[in-house]
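**Q** Each protein sequence line maps, in turn, to chains A and B.
Going by my numbering, the first sequence opens with residue 12, and the numbers climb by one from there.
Going by my numbering, the second sequence opens with residue 12, and the numbers climb by one from there.
Worth flagging that the hints you see were computed from the coordinates, not collected in a lab.
Since the structure is predicted, the reported quantities are computational estimates derived from the model, not experimental observations.
Where a beta carbon is used, it is the ideal one built from N, C-alpha and C, also for glycine.
Please note that a few of the clues may not be correct.
Looking from chain B toward chain A, a few residues come up when the C-beta cut is under 7 Å (computed) [unchecked claim]:
#1 Asn-684
#2 Gly-733
#3 Thr-798
#4 Phe-801
Protein chains: 2
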Amino acid sequence: MKQAQKYVYFFGHGKAEGHAGMKDLLGGKGAGLCEMTNLGVPVPCGFIVTTEACILYYKQGKSLPEGLDEEVQTHLSRLEESTGKRFGDKENPLLVSIRSGARVSMPGMMDTVLNVGLNDITVQGLAQKTNNPRFAYDSYRRFIAMFSSVVLGIPYEHFEVALDDLKKSMGVNHDTDLDADALRELVKHYKGIVESTKGAPFPSEPNDQLWATIKAVFESWNSQRATTYRKIHKIPDEWGTAVSVVSMVFGNMGEDSGTGVLFTRNPATGEKVLYGEYLPNAQGEDVVAGIRTPYPISKDQDTNGTKNTLEERMPAVYREITRVAAKLEAHYKDMQDIEFTIEKGNLWILQTRSGKRTALAAMKAAVDMVKENLIDKETAILRISPDQLNHLLHPVIDPRAKKEVLCKGLPASPGAVNGMLVFTADEAVKRANMGDRVILVRPETSPEDIHGMYAAQGILTARGGMTSHAAVVARGMGKCCIVGCSEIRVSTENRVAHVGSLDLKEGDWVTLNGSTGEVMRGIIPTIDAAMGDDFTIFIEWVDAVRRLRVRANADTSKDCEVALRFGAEGVGLCRTEHMFFAPDRILAVREMILSSEHEGRKKALAKIKPMQKGDFAEIFRTMGERPVIIRLLDPPLHEFLPKTAEEVAEIAREMRLSPEAIKAQRAKMEEFNPMLGHRGCRLGITTPEIYEMQVEAILEAACELKAEGLDVHPEIMVPLVGTEEEIVFVKACIDKTAKGVMDAKGVRVSYKVGTMIELPRACIVADDIAKVAEFFSFGTNDLTQMTFGFSRDDVGIFLPVYLEKKILKVDPFESLDTQGVGRLIQLAVEKGRKARAGLSVGICGEHGGDSDSVKFCHKAGLDYVSCSPFRVPIAKLAAAQAALEDRMTAQPLE
Amino acid sequence: MKQAQKYVYFFGHGKAEGHAGMKDLLGGKGAGLCEMTNLGVPVPCGFIVTTEACILYYKQGKSLPEGLDEEVQTHLSRLEESTGKRFGDKENPLLVSIRSGARVSMPGMMDTVLNVGLNDITVQGLAQKTNNPRFAYDSYRRFIAMFSSVVLGIPYEHFEVALDDLKKSMGVNHDTDLDADALRELVKHYKGIVESTKGAPFPSEPNDQLWATIKAVFESWNSQRATTYRKIHKIPDEWGTAVSVVSMVFGNMGEDSGTGVLFTRNPATGEKVLYGEYLPNAQGEDVVAGIRTPYPISKDQDTNGTKNTLEERMPAVYREITRVAAKLEAHYKDMQDIEFTIEKGNLWILQTRSGKRTALAAMKAAVDMVKENLIDKETAILRISPDQLNHLLHPVIDPRAKKEVLCKGLPASPGAVNGMLVFTADEAVKRANMGDRVILVRPETSPEDIHGMYAAQGILTARGGMTSHAAVVARGMGKCCIVGCSEIRVSTENRVAHVGSLDLKEGDWVTLNGSTGEVMRGIIPTIDAAMGDDFTIFIEWVDAVRRLRVRANADTSKDCEVALRFGAEGVGLCRTEHMFFAPDRILAVREMILSSEHEGRKKALAKIKPMQKGDFAEIFRTMGERPVIIRLLDPPLHEFLPKTAEEVAEIAREMRLSPEAIKAQRAKMEEFNPMLGHRGCRLGITTPEIYEMQVEAILEAACELKAEGLDVHPEIMVPLVGTEEEIVFVKACIDKTAKGVMDAKGVRVSYKVGTMIELPRACIVADDIAKVAEFFSFGTNDLTQMTFGFSRDDVGIFLPVYLEKKILKVDPFESLDTQGVGRLIQLAVEKGRKARAGLSVGICGEHGGDSDSVKFCHKAGLDYVSCSPFRVPIAKLAAAQAALEDRMTAQPLE
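In isolation and in its complexed conformation, chain A is listed as follows (with noise of 0.2 Å):
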């Protein structure tokens, strides 16, 4: 037999049997009243029945543990002794609330019945007491409809039809139109409806009544949707719940008492004000049902002069709560959301919590924190999310702005934005240059309008997903852009989209919503990024705490300007194909694709390379002596060939071929599987003069810079590798190559060739290939591509039921897979070290820029993470958050 046991907690008047630390046993909501009453705030007395009880009830087969039963009894005459009521007195009775609360927050399964200790004698002692017969048979009515279907599970909509029956029979709309005399009617008529459904009486008993609730609390731990909620948020079972007994407060009733929420900062803002609004008279749940407009808490706030503000009208009640407002901020070191009533002239919090904020609120409010010495610098940077930050970094809609949403997309990339229909990449050019403001519609986006993209404001397209071409191109730029807005009939060739019955045509003025999909007619105003001082101040925390460097993505110098402005520590990837789709050098790119022989190739070749060198020397004069990494020629030359009958006519005449001839070279490059085909290091292999074009443009690039003073250090990178044998034989090419520019300008440079890792097999042998290769970059999205063998361009048919049948928990192209990839990135990361000590390794996929994945970068032991350039502070928050978490994990709080 288990020795008799402290099943109970009791708190109240400044004192409890818990606290703050005891969330395992009490639930967080007990623990939490506990810490409040301790702390010395008004908080209505109560006790707590532990999780262990709970516990216990199962373990018995559903039955309540020895002893609790006196238990509770004792604590519930501590609780009439602390208020000076009776649970079922008949003239002053004492009421509780009930709840359930479990360790963690699960907002699925809270069970909560309000006013227990109602019965029809009781009922009168609060109409007295209260004065307010209304008040009391209003409340009676809530008790027995929420106690029949918690407890005893009769379905709500019973009572909720018996209720509209009587305001249709009575001729009113709202239930605050039933007086005092309806609602005991319908209380009657609610009994009678439990004792039809369960064949007997709605128990009257108050001690019946708190029994059966605590059952019925312990019980939701094992409903279905509880279960549910467990499993998916992988809870244990075995944790159970507590119960909180607390005795109701009302502040409705009378002037004196009221009710309210406040902040003890400004949650748009963060300035330091206490902020929030009340009402007289007045009950939680008639905030909510917004029935009368709150008055704000204090004259600062009291813009429109109601003079009603709690300031006012309770100057004593104001100054406590002002008190209490800073003592629960000084104890949680955070902004608190606080729920309070006043009853009769008396102020009692019901509930703290940190409080929800704007991403700049959080900003400010952290900063000031740290400055008045409330929380250190490490604390701060723990409180800001890195997708809040994203906010800080982007343009959004006016918030008081009117707006006409025609249609919504996915929010593939974040910004508000307003610019004129345009519907091809060259029309958006012509329009950019002449100063208009351009929103480039698409069907879908290639690689062929990468110009039109630049050019435009925003980019929108009806089909694709959140990783289509699109969505993955206007990120990198930082681009406002949604996409799958499937709404959207583009016609391309009359220049109209269609939008149901609404056409909407070139020039036409539309505003974009990439953080949200939302399109809206016209111009919607905006308002810009805020990186403030405040921004500036705590990048400088940040980048003080992490390890991680954080490089960006940048094809261009312009990319290369905004990066250095993000505060990117270097280039991790500089894709070079973006730079074949210019238009003065297409043609000279299809002319070397599409000729059979070498000495065509090279010819076509010549043509490209002065202009590649001048891409990578302004590219490299930007970064300085920065590290930037160049990737050769990746994807498959395909892409590059001529679609329309004009360009094939115009490289026919060029080449003195056939339009049918180019046509049938173009059929023979078509691959079933492109993502799987002829490309990376593998054109390379087969066509070495591409990169050999490539070495010699980066090497005389890096060989003239050098001699005019600038010590550049190119790293080239070998995409798709995935044996010993490929990146050996690429990199005795470019050592080759390099050697003929460095001894024909009789210059050194000293250049690094490594290897992007991004197919299964490379993490396999990845130490054969760190015997060759001098860094490793993964290449997350390909790597994903494969080791999951989903075709990001294909996956929209059925990753949104994988995601919504939670097969997959996260979108593996957003957020990296830790389980799967995750695993193949460690083993190659340790087999690369093993086989070459201090090999530098990164990631330049769409992942470097998702916070989750970056923490996992940080464990795993990666040297760095390159993202777009809007992204780098989010990565670097990301960084030294993980650093944090890694101190915290290596010495534990005290």
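Following the hints, complete the assembly by docking chain B onto the known chain A.
**A** Coordinates of chain B only, in the frame set by chain A:
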């Protein structure tokens, strides 16, 4: 200083200082000569300079080891003593051959100089002694040319040109038309070439010749071709080469001399008879040159009645050679290929080695030798290569037949067949039904051609590689197939195939040799497969030894019958998609795919179910209680959609939709990378009706057979699983459906649910998957695709370049990449077995029939391999050999 050491080993007159076990020191050739000498076999005397001498030569910066000079001199004296000839003697000169010989045979680098010791004086002695001045000068001019090219590095062509000039000036065609005087002139001319090229006369001193040649052989170890050869074959540079110096014997010293080659058994049939040919009064090179027709060795062989057999002409020598051959075979315990020379009635054996033989001979010899107690069963098993076995399983072209080869493609599936050309699958079926033998020729095949491929004797395609659709399916069917025959242009519309200027029309006869890729005109006779009694006995031994089980990939009951005939122990993969293409089903399949509603899909599936059920019932009936793995639908649904206008019209009529609607639907389903798209269990999750129908069909068939008394064991396999959640979801659907069927039928069937492991991620999380999956089957085709990022259908462009440049040693789709894919497999096996003890693990990719891959599967601890029925014996043999190799590693030979 190093102690004086033994660098030279003598052999002669029945006694040698070395033996077969000393290959490391004496080289393979030298050790063999010693071994034969010790056996009492008549071998010319000689001595070996050791590999250690060679190694020291390099260590000392290319100078000869101390003491080697005297040691060689001593042994040269022994040689003189033994032969009764003297090196450099003007009357009875000793001539020697000097050859290199490493531990292992290195055919690319063997340097040989014959007749060392000849000069203007000794040549006269030789002329007198042999009474054949022409022979003497012919030997002399050969010696000069050989020595000059091997030792002096003068291009051999110089001497060839001079010889040609001489023949022209004398108006003769053949070398043999030149008499002694002409050859004497040629010798003079040759010496002139040497003197003018090297600026010094040809070395006439025999000792100089000897040492220069020994040094040249040492040097040849580090020649470029030898170094390259070693790199490719991973032979250590430190091994060095030995040098053999052997006294020359001549078969051209008159009618009591001769030279020849013999096998100890018939190399074509394996019959135990001496088999060979010889030429009287001739040298080895005369036999090779084919100037005279050699005579048979024995009377039995003398089918032409020449009466010139060795048996008749030199009965004593014949008896002697019979005795020696028996001794050598008994000693080496294998059929020997023996080179011999008869010098004045004396038999000399110059070399013996294991004889090359046909597959048939290999099988017969191996089985016979076990019966003769010459070898044990294990040795017999190790002696047949699995690929050799392949030849016994398919008909071959009659080697005596005349043939006209039109063109050559890739030998995709072995066998030799003839038939009438047809251009469509339907025509193939039509003609085959009329009893015609047909060859189906297509630009390339698709799943819609399956019925035609079944009907045809063989398949020929103009496009595609060794793993194209045609190749894979044909191998699966065991059907002769040639693919990628690019010289053929197929015009299906006009029913004509162009080969150069030749037009092959429908009905024209052609013959295919699927083992060589040759396409021949007309009917070339073939010889049937030879699976006789020896084969049966041999496979019994194999079955007793192997641990790995061997199943077959079989989609129909017809396939299953073939599989059983070839000894399959179950079905490792029954693909259900081919069933969907049957003409009586494809319409319903298309209806199902094109229905947007659940109900429409259910209706269409209901039409297919009875047919699938019938298929499964037949398969179960054929396989009895053996295990049968049925894979649920795998390919993307768009593969089944109508392609031609007629097909579109047909399905449009059936579904009462417009053809445009059908085409729009088809366009919507197209994928960029179908291999990484909406297929496998992804279908089973988004469209569960399909798998439900298939599981119902499987279980209904199984229940009905069980009710009939046949205890079937269906194993249901879920394709393309990459996450635990997928298999959880699909298994739940399967179990629910199965329960429904079994409850309805009132019968219990013991079925299993397992999964393909074909994604890298599946390997990494194999432990999680094994918690749910009851068996694993590695789909190594797809696993190879994903691990390498290689699309099987697109690899044809760069894979040949990769093989040529040695980036890859073998096509990873032919032989499993043990270093990359193999490690993932090992990881998955380990993790899977950890999570589920005794988990059954197999492989069902194309690799299951590749002998090296099978051996890997044995080592990786797999339970079974599954391959095409026709490769079952090959897989069995490979499995047995792997088991034996295991034992040998475990118990080192005594």
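**Q** Closer than 7 Å between Cβ atoms is the bar; does B/Gly-733 clear it against chain A? Give me holds or violated.
**A** 5 Å, holds
**Q** Holds or violated: is there a CB of chain A closer than 7 Å to the CB of B/Thr-798?
**A** Holds. Min distance 5 Å.
**Q** Please check whether B/Phe-801 passes as an interface residue: C-beta within 7 Å of a C-beta belonging to chain A.
**A** Because about 6 Å separates B/Phe-801 from the closest Cβ in chain A, which is inside the 7 Å limit, the hint holds.
**Q** Does the nearest C-beta of chain A fall within a distance shorter than 7 Å of the C-beta of B/Asn-684?
**A** Check passed: Cβ of B/Asn-684 comes within 4 Å of chain A, closer than 7 Å.
In this structure, every one of the numbered hints holds.
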